[in-house]
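There are 2 protein chains.
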Amino acid sequence: MEGTPDLYPSRVNGKETLSPRLDPVVYGGAQPEVPHSLSQRDLDTFDRQGFLVMNDYMPEMVAPLKREITRLRDDMAGYEELYTEPDSDELRTIFKPFAYSDLIDRFSRDPRILNKVRQILGSDAYLMQSRVNIKPAFKGKSFPWHSDFETWHVEDGMPRMRAVTVWLMLTDNTEHNGPLYVIPGSHHHYASCEGNTGEKNYQQSLKKQMLGVPKPETMEALLDDKGIASVTGQAGTLVFHDCNLMHGSPDNIANDPRSILMFVYNSVENKPVTPFSGLPLRPHYLSNPDQRPLQAVESLWPLAS
Amino acid sequence: MEGTPDLYPSRVNGKETLSPRLDPVVYGGAQPEVPHSLSQRDLDTFDRQGFLVMNDYMPEMVAPLKREITRLRDDMAGYEELYTEPDSDELRTIFKPFAYSDLIDRFSRDPRILNKVRQILGSDAYLMQSRVNIKPAFKGKSFPWHSDFETWHVEDGMPRMRAVTVWLMLTDNTEHNGPLYVIPGSHHHYASCEGNTGEKNYQQSLKKQMLGVPKPETMEALLDDKGIASVTGQAGTLVFHDCNLMHGSPDNIANDPRSILMFVYNSVENKPVTPFSGLPLRPHYLSNPDQRPLQAVESLWPLAS
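The listed protein sequences correspond, in order, to chains L and V.
For the first sequence, full-length UniProt numbering assigns the number 1 to the initial residue and increments by one for each residue that follows.
For the second sequence, full-length UniProt numbering assigns the number 1 to the initial residue and increments by one for each residue that follows.
Just so you know, these hints were derived from the structure itself, not from any lab.
Don't be surprised by glycine CBs; every beta carbon is placed ideally from N, CA and C.
Be careful, since some hints might not be right.
To be verified - As a list, the in silico SDA-like pairs of lysine to any residue whose alpha-carbon atoms are at most 20 Å apart:
id	chain 1	residue 1	chain 2	residue 2
1	L	Lys139	V	Asp110
2	L	Lys226	V	Thr174
3	L	Lys208	V	Ala137
4	L	Lys139	V	Asp56
5	V	Lys139	L	Ser39
6	L	Lys208	L	Pro144
Said to hold, decoys possible - Only part of the chain L face toward chain V is listed, based on derived beta-carbon distances under 8 Å:
id	residue
7	Ser142
8	Pro216
9	Gly233
Next comes chain L alone, as it looks inside the complex:
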C-alpha cells in the first residue's frame, strides 16, 4: 500500500484550507431484515448532521460496565494505556480496555452496535481504537476543536473517511459537566491544518492537543451558518459520530464527572497505510494492529451479570 495518494493532506507546512469531503458518510442503506439496524430516516440524519444520539438506549449496561472499569483502574495501574489529566494525576483515559476485559470485548461486538456500524460503513469493521474517557468533576480540562479523522489520517495512515465512533454515556452528560460540543454538518468539509507533526506527538496531544486544531479563521469559515450543539443525555445513551465531525469540549467545573466508553470502528476496506506524516506507527492502543473483521456476539449476559 506504499504510494497511496494523500487525498486529505494536513500539517504539510501549507496554509490552512477547507475542502469538500471526497467520501460518502453513509456507505449502506436501510436493511429492514437485519435486527437492530438503523432506519433510512436515522441514516439520513446521520448523513446530514454527522452524528446520531440514541437516548437511553442501553441503560442496563451502565452499572456492569462501571464495575468493570473500576476493576480495570486498579488492575491496569502502571500500564502505558492509562493517561492522566494535564495538570493532575487524576485518571483521564483508559485505552484498549477490550484487551483487558471480556465484558468490554463482547460489548464492542453487541449486535445492537455492530449491525449499525456495518450498515453505516457498508462493510465489515474492525476495532481500530477503544477508550474509557473520564472527565473528572471540578477539574476536567477542555479539549479544543478537532476532527479525529485528521489525526488518524496524518498520524495513523487511515486513507479515507470510512470510520465511525460509537460511545456509551456512563454518567449523565449534561450542559454543565463538559459535554461534547459538535458542529452539525461540519463532517462534509475537511479542515487541513498548519504545522508539522513531530515524533511521538501523541504523548503531547492525548493530554492537550496542539496540532490538528484549526485556527479561529478556519473555524469561523467552517461554522458559517452552522451552530454548536451539545451532545447530552442520561447514562445509557448511545452516540454514533462520523470520523470527520468537528468536535471539542469545555472544561468540567460541575460536581459530577462525565464518563464515556468509546469504540472506533474502521471499515476493513479502509485499513491504514504508511502514515502520511512519514513518521513511525503510533502504539497498538491507538491504532490496533489486529484488523480482523469483528463477529457479533449473541449475548453479553453471562459475563455482565
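Let chain L serve as the given structure and place chain V on it in line with the hints.
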C-alpha cells in the same frame, strides 16, 4: 469602625466550613409607587434563587455601550485598570469604566437599575466596583467557583451581605460561550475557605482565582440537592445577583465572545471597614473610595445617541 466583629471569617487558616447566612437577601419590599421597581414576586424569586434574569430588558443600550467600550479599549491602553487573559494578551477586563465614560456613569444611575437596587438593599447605594468583562471566542478561560462576598469581606472589609451585582449582556450569553454558572439558593450559606491571603493577591486572583475557591467537598455539601443553572439570554438582558451567590464559568471554546458590563452596588449602610485580612486596601478600581449615594438620572439619551 476599627474592631468591627468578623461575622464571616474566611482564609484564617481554619478548616473549611459552611454556615448559615446571617443577613437578609432582600432588605426592602414591593413599592408599587416607585417606577421601575420590582414586584413582590420578583423579590421573592431573588430571595429564593439569589438571582433574577430580566430577558431582553435593555436592548437599546447594547450598541451605544459597545461603541463606548471600543473607544475605552483604545483610550485606556496602558492603564492599570486593564487586565488580560492569563495565557495571552487578549483583553479580559476593563475596571472602573464609569470613571472614563459619561455614558457608563449615567447608565449606572439609570432608574431602571438603581430603583431596583435600592429596593433590594433597602437603602441608598454607592458604586463599589464596575467592570467590563470580555470572554474572548475560542480562548476565554474558565473561572472557578467562588462567592464575590467572600473576597470583598476578606480583602476589602465589606462587613455584611448587603450588596448586589447587576450586569448587562453585551453579546448573547449562550450555553456554549462560557456562560455564568450559578448555584440557585447557594447564597443562603457562607463558605468559609482555607488558606491565607497574601499581599496584592488581587494581581493573581483577577487573572486566575486560587484563594476563596471552596474545595470539592465543600462544593458537594453546598450543592447537596441544588443544581447548577446557566445564566443565558440575548444581548440586552439584565441580571441581578446577590453578593454571596456561588458562581463560576467554564471556558469559552465557541466562536463568539461573551461580554458583559457589570456594576456592584453596595448599601451606604454597609461601607467597608479595615479589611478582615489585615492587609492594605486594594486599589480604588476594586473598592471605590467614593461612597456617596448615587442619584438617579432622568435620561441617558443625549449621551447615548
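These are the hints, each one checked on the structure:
no. : hint                : result
1   : L/Lys139 / V/Asp110 : 40 Å, violated
2   : L/Lys226 / V/Thr174 : 15 Å, holds
3   : L/Lys208 / V/Ala137 : 19 Å, holds
4   : L/Lys139 / V/Asp56  : 33 Å, violated
5   : V/Lys139 / L/Ser39  : 40 Å, violated
6   : L/Lys208 / L/Pro144 : 8 Å, holds
7   : Ser142              : 5 Å, holds
8   : Pro216              : 5 Å, holds
9   : Gly233              : 15 Å, violated
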